[in-house]
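**Q** Sequences are here, hints too, so could you generate the full structure?
Residue numbers (my numbering): 27 to 177.
Just so you know, the hints here were simulated from the structure itself, not pulled from any lab data. Among the clues, some could well be false.
What the hints assert, rightly or not - Ranges of calculated distance between the beta carbons of each label pair, as one might list FRET restraints:
1) Pro-30 <-> Gly-69: 53 to 59 Å
2) Leu-38 <-> Arg-95: 54 to 60 Å
3) Glu-165 <-> Asn-103: 25 to 31 Å
4) Asn-103 <-> Ile-62: 25 to 31 Å
5) Gly-69 <-> Gly-144: 28 to 34 Å
Even glycine gets a Cβ: it sits at the ideal position worked out from N, Cα and C.
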Amino acid sequence: MALPPSRLLLGLLVLHILFGISRLPHAGFAKRKKHIDLMKALGPREFHLGPRDSHPGYADEQTRKAIQRLQEETPENAVILFRGAWRGPIEFAAPLLYPRVLLLAHRLPDLGARTWLGRPVARLRFGDREEVVLLESTETQLRLRPERRGK
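**A** So this is what it looks like as structure tokens:
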């Protein structure tokens, strides 16, 4: 006596699900949960840019301070000018600064412009002057400086 097609299909589906579960990397779940708990405890900036001994991220103090200053002192819809390598800590800068937008510095035609496509161009105080800020990136660090064309 043959099984009805619906029962056969159900049996094959159950076998497929059990086979899939048996292939999951169970050790990975504990590691991922540890990273999630650590990120909740430290916050996104420290988790991604903090010291290597406690978690996967790393950046020097100057990089952490640059990201923190941009988060605290620029409007959330700001455009932040960027120049340099697209490797290292800059890879975390864009998501950490969201909803701010990084723009290649040469794409802003006029440094006197206050906005770009309706978003304010980020400005910070450097000494006693407020200037357009440039986020410079190397493969190991980020730094902030005033954007001055030709210098």
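**Q** If you check the beta carbons of Asn-103 and Ile-62, does the distance land in 25 to 31 Å?
**A** holds, 29 Å
**Q** Given a hint of 54 to 60 Å, does the C-beta separation of Leu-38 and Arg-95 actually sit inside it?
**A** holds, 58 Å
**Q** Lying within 28 to 34 Å: is that true of the beta-carbon distance Gly-69 to Gly-144?
**A** At 30 Å between Cβs, range holds.
**Q** When you take the CB atoms of Pro-30 and Gly-69, is the distance between them in 53 to 59 Å?
**A** Holds, since Pro-30 and Gly-69 (Cβ atoms, about 56 Å apart) stay within the stated range.
**Q** Mind checking the hinted window 25 to 31 Å against the Cβ distance between Glu-165 and Asn-103?
**A** holds, 29 Å
Going through the hint list in order, the structure satisfies each hint without exception.
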